[in-house]
Structures are given as C-alpha cells and as structure tokens.
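Here are the chains, one letter per residue:
2 protein chains.
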Amino acid sequence: MTDTPTIHDIYAARPHVYRYLRPTPLHHYATLSDLVGTQIYIKHENHQPVGAFKVRGGLVMAAGLTTEQRKAGLFTASTGNHGQSIAYAARANAIKATIAVPEGANPGKVAAMRGLGAEVILHGEDFDSAREWITGVAAEKGGTFVGPTDEPLIHGVGTYTLEILDDLPDVEVILVPVGAGSGASATSIVAKSIHPGIKVIGVQSAQAPAMHLSWQSGNLMTAQMETFAEGIATRVPFENTQRIMRKYLDDFLLVDDADIEDAIRILLEHTHNLAEGAGAAPLAAALQIKDRLAGKKVVLVMSGGNLSVERLKGILSR
Amino acid sequence: MTDTPTIHDIYAARPHVYRYLRPTPLHHYATLSDLVGTQIYIKHENHQPVGAFKVRGGLVMAAGLTTEQRKAGLFTASTGNHGQSIAYAARANAIKATIAVPEGANPGKVAAMRGLGAEVILHGEDFDSAREWITGVAAEKGGTFVGPTDEPLIHGVGTYTLEILDDLPDVEVILVPVGAGSGASATSIVAKSIHPGIKVIGVQSAQAPAMHLSWQSGNLMTAQMETFAEGIATRVPFENTQRIMRKYLDDFLLVDDADIEDAIRILLEHTHNLAEGAGAAPLAAALQIKDRLAGKKVVLVMSGGNLSVERLKGILSR
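Residue numbers (my numbering), protein chains in the order written: chain X, 31 to 348; chain B, 31 to 348.
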C-alpha cells in the first residue's frame, strides 16, 4: 500500500482529532443481533458534537492550515454535515468559516451552522450552483475552499475505524454508508492495513446510485439523485475516493429508501438512537444480506443522526 | 461533610466504572441555548451501553462483592433501567442476575434484560409485589438483593458529575431528574464538595411527586404515581437519598408530564437525541425557570434514552 492516504496518515491525524473529541462508543445490541441473526455492533458516530462522523475530518484539515490560510478563512458549500464539520473546526481554531447553501435549504441545519459561528450565505437554486459560486468567492478572497473528499478529511474520519479495531479487534465485517466516499475510503484503508480478512462493504441508496455505478463500471458516472438521505445523496462521483474504494472495498450494495426508513424505525426501537438516512443504510443492507453475515461479528457505522423531526414523524406514522 | 457517601467514595468508584465504560460527552447546543435563553449543555448519559446512567452504579456494586456473594448471585426487581444496569454488571463480572418484573411489563425492556443474560421472572401485578417476592427469593438462596439506592450505586452514578466538572469546571447550575434519588444525591455531593456555589436542582413529575413532597416537608411521604416517565416514577420515597438531598439540593421542581413530552420533542429537534421522560424532565424544568437561569452555564442531565417507539409516536403526532 504505497498510495496515499495510508494508515500512517490516519495515525498522524489522531492527535488533532483527540484534542477536541473523545472516541465514540461501539455498542453491542442483543435484540438487534437476534433480528439480523448475527452479532451486531453499532459505531455511534451520531454521538459526535455535530451529530456526525465528519467533524473528525474538519479538525484535521484546520490543523494543517498555515497562518496565512487561517487568516484568509475557510469556504465551503454544504447543506448538511460537512458544513457543520467545517463550522465546528473553524470555531475551535478561531478561523472564519463561510458556507454557501442553496436557497430553500433546511432551516434547522442553517441555524446549526450559524450556531457554530459560521457565516451562512444562501445562494443559487441547488447545491452545485452554491458550490460553484463559493469556489469563486474563496479564490477572490485568497481563502481555502474545502471539498468533501479533500485528503485531510479522509485522514480525520479514518480515526473512527482505528477505534473500531481498538474495541473489537476480531471484527469480521464493517458496513459503511457511501456519500462522497471519504468514510468508506478511510474505513477500508484502515481495515485492510490491519487485517485484509476484514470485509468492508459500502452502502448507498438505490435512489442515488452514482458512486455505486462508478465503482462497478470503473468509470466516473453521474446518476439520478432522488434519495431523502442527504448524507448519501451524491450526483457526481469523486475520483479520489473511487480510486481507493475500487482497490479496497469488498462489496458495494444498494438499498431502497423505503428499507432505509424501516431501518431508522428499527434502530430507534432497539438502540434508542436516532439515525439519519445515511446512518441507517448499513442496517438496511445487513438485513438484505443476512445469510452472508450469519455467525459473524458485524459493525454497522451509524455515520450520523441529523434527521429532521418532520421526516421521523412521517416514518413512524406509516 | 463527614457523612457518607462523600466525594472520596465517588473517586474510589471511578476505576470500577472506567474498567468497562468511557466518559459520556457533555455537548453544548447553540440553538437549544437560544431557546432557553442561556448556555445549555447536555450530559449524555443516554449514550451509555444500556441507555442510562444507572449502568455506572451496577458496576461499582458488583465490584464490591465477595467471592461467596458472586457465587450466590444478584437479585433485584425492576421494570426499567435499574434492572438493565444490574444485568449488565452481572454479565461483565460473570455473576448470575435474577430480576423480577411485574406481569404485563414492557416486553422490550424484558427482552433487553434477557439479552444481557439475566434471568427475568414475571411475578405479581405491580412493582411492589415483584420486589417483595424477589427479596424473599434472594434471602432463601443466600443471594444479594440490590435496592435502587444502595450506597455503591450512589458512588458509581456520582462519576458522571465528576465528568461534568472535568469538561465544564465553571458550570453554574445542574438540573437532574429525581427517581429514587441516587443520581440527584450523587450529583449534589460532588458539586457541593468541589464548589458550594454550583446550584443543583432536582426535577420530578407533578404526576408522581412523592420525593418532592418528602423533601419539602422533611417527612417521608408516599404519593400518587401516574407519570408515564418510569425513570422518575416513585411512589414510596427512600430515606437515604432524602437525607442527602435535604442537605445539599438547592431546589426541587415539579414539571407536568405534558411539558416533559414537549421537552422530548424539543430535544429530538435540537440535539437529535432520544430522551426518555426522566431524561427530558430537566429541560422541561429549565424552560419553567428561564428567568432564573438567564446568563448562566447550565447542565441538563439527560439521564437515559429508553423511550418506547409507541410513546414517541404519540408525542410526535400530537
């Protein structure tokens, strides 16, 4: 494994992560294990301060900035967890963060980013136009634009898989949601470096299969993006995470949004944790491949918990 | 402070707790702070393995048993978090746990206790008859009956308040739910020992005010018990925790069940955490005394998250 990033990069990221965060729990759930017919452990990244794993990456990225870059500030586009991660890291390091979100974005998430001290600017009718615009603003002001799969972010988010190995060294399968691919890439780098026999399986919504189609075909392919689960809603695939996942990922499954919604309800019942769509997708996939998982120690990465109450209400009332 | 327990007992409990558990997070929530009009921090005891703070106490109690006592096993009565705590501690120490629950108890909680390896026996039509019966069984078999306010449990649960002080040494107010009183007693012992200026406020449901009435009157008084929040549903008060709370608690508030339900919804929206009734009661109280809390650093103890999906569905659909 001579390409970058390597597990060594992820080890190097740890001090930056643990300056602000503690390891998240890996809990075993007996009744959920019975339901899936194997031993189920949940990696609770939903317990992070901003409710998602991405906060690890932002901290590592911010730690690597020069004094000049700190002064010029951070710029990104996001409607979700990536923006909160950048806002959190910026505040922790006394850096100004400017985040573009498309008009009509979830007001709760906008409020959360503002609550973390970021300047949030509504611009454009969709994510891509917000992103294009803020990239220009960053260039003009000499600031740093942070893309969702920038290498320091991969280094940072990889630390949760080291924690999984700390707590459960004999883990056999890890199911991880794939959005832009930073989490799945980092998970597979760590798992395969420590023990190639650990199976790492990516999961995406069948209603937004761009990363899956690209992984399967070997070419970067865009696709429809109609999932409610914004954490795994990727329309345009990312080259660097595709390269890593093609090398290390053992399998890549698609699950229907309806099954993700069921998984949210099941997780609430058996773990009393609120998962967002991305965070519940690994359980939906595990239920799809029960036969393959039987008798194994399986970790589901609950990547985040930022589900709106309105969405939850809809899921519970069905 | 020469009575027992003391903060030294709680320090002595730490190694037993951290042999199995990690500190839980204390998170600041910006939008929730805006809502209450002060700085709100949540102590996330709902992130514990069994979903509640009580797990700390069970581990300390189990660590103090003699070899003889370990062989004879642990016996208790519970329909909720206390039972799961004893089951968890017993499993961790390879001790047999026998838990009596009244007939008609929540099947989810029974399954959770069984999932932790406990023998669960349904007996009697209410909690008191289950408890009376299992006390007799324990005596007959030479086993140890564990009551909900036994001293080692207070020592163990006190460790979460040391963690609060670790993370936020300038905390000014702590709001803590009161069921049997072990959590509130331990919180006030720790807080007052470290800085008498920290205000500790207990919270109970107005629909189950026995502990509140006893604290206020100075006499042990039973009362109605009609709250849905089983974590703070106490009909018969406990002498030892009353004695501690009368000495150290600054105030003791009652909140209506309807306000607790509102608080559950608000916490879900602003923190994406599921709180059970007891875990949401401190927010309900904070909203009741906004004026007194203005400008202060306030910690709400989210004691547990074991709310049923059915109950949540009812709360969200109102």
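Careful, some of the hints might be misleading.
One copy or any two copies: either way a pair holds, since identical chains are not told apart in the list.
Claimed, not checked - Within a straight-line C-alpha distance of at most 25 Å, the following computed DSS-like cross-link-like pairs (lysine-lysine) qualify:
(1) 326 / 171
(2) 139 / 327
(3) 229 / 126
(4) 171 / 222
(5) 126 / 139
(6) 343 / 320
(7) 327 / 101
(8) 277 / 229
(9) 171 / 320
(10) 222 / 326
(11) 101 / 171
(12) 229 / 343
(13) 229 / 139
(14) 222 / 139
It should be emphasised that the hints constitute simulated quantities derived from the structure, not laboratory data.
In this text, all values refer to a predicted model and were calculated from it rather than measured experimentally.
Status of the hints after comparison with the structure:
1. 326 / 171: Intra 52 Å, inter 38 Å, cutoff 25 Å: neither.
2. 139 / 327: So residue 139 and residue 327 pass the 25 Å test across copies only (24 Å; inside, 35 Å).
3. 229 / 126: Cα proximity of residue 229 and residue 126: none, with 40 Å in one copy and 35 Å across.
4. 171 / 222: Intra 41 Å, inter 51 Å, cutoff 25 Å: neither.
5. 126 / 139: within (18 Å within a copy, 47 Å between copies)
6. 343 / 320: neither (28 Å within a copy, 28 Å between copies)
7. 327 / 101: neither (47 Å within a copy, 30 Å between copies)
8. 277 / 229: This pair counts as within: shortest intra-copy Cα distance 13 Å, inter-copy 57 Å.
9. 171 / 320: neither (52 Å within a copy, 42 Å between copies)
10. 222 / 326: Answer is within; shortest intra-copy Cα gap is 17 Å, inter-copy 48 Å.
11. 101 / 171: Within one copy, since 11 Å is at most 25 Å while 71 Å is not.
12. 229 / 343: neither (35 Å within a copy, 37 Å between copies)
13. 229 / 139: Classified as neither: same-chain Cα gap 34 Å, cross-chain 33 Å, threshold 25 Å.
14. 222 / 139: For residue 222 and residue 139, neither the intra-copy (35 Å) nor the inter-copy (38 Å) Cα distance is at most 25 Å.
Checked against the numbered hints listed earlier, the structure breaks hints 1, 3, 4, 6, 7, 9, 12, 13 and 14; every other hint is satisfied.
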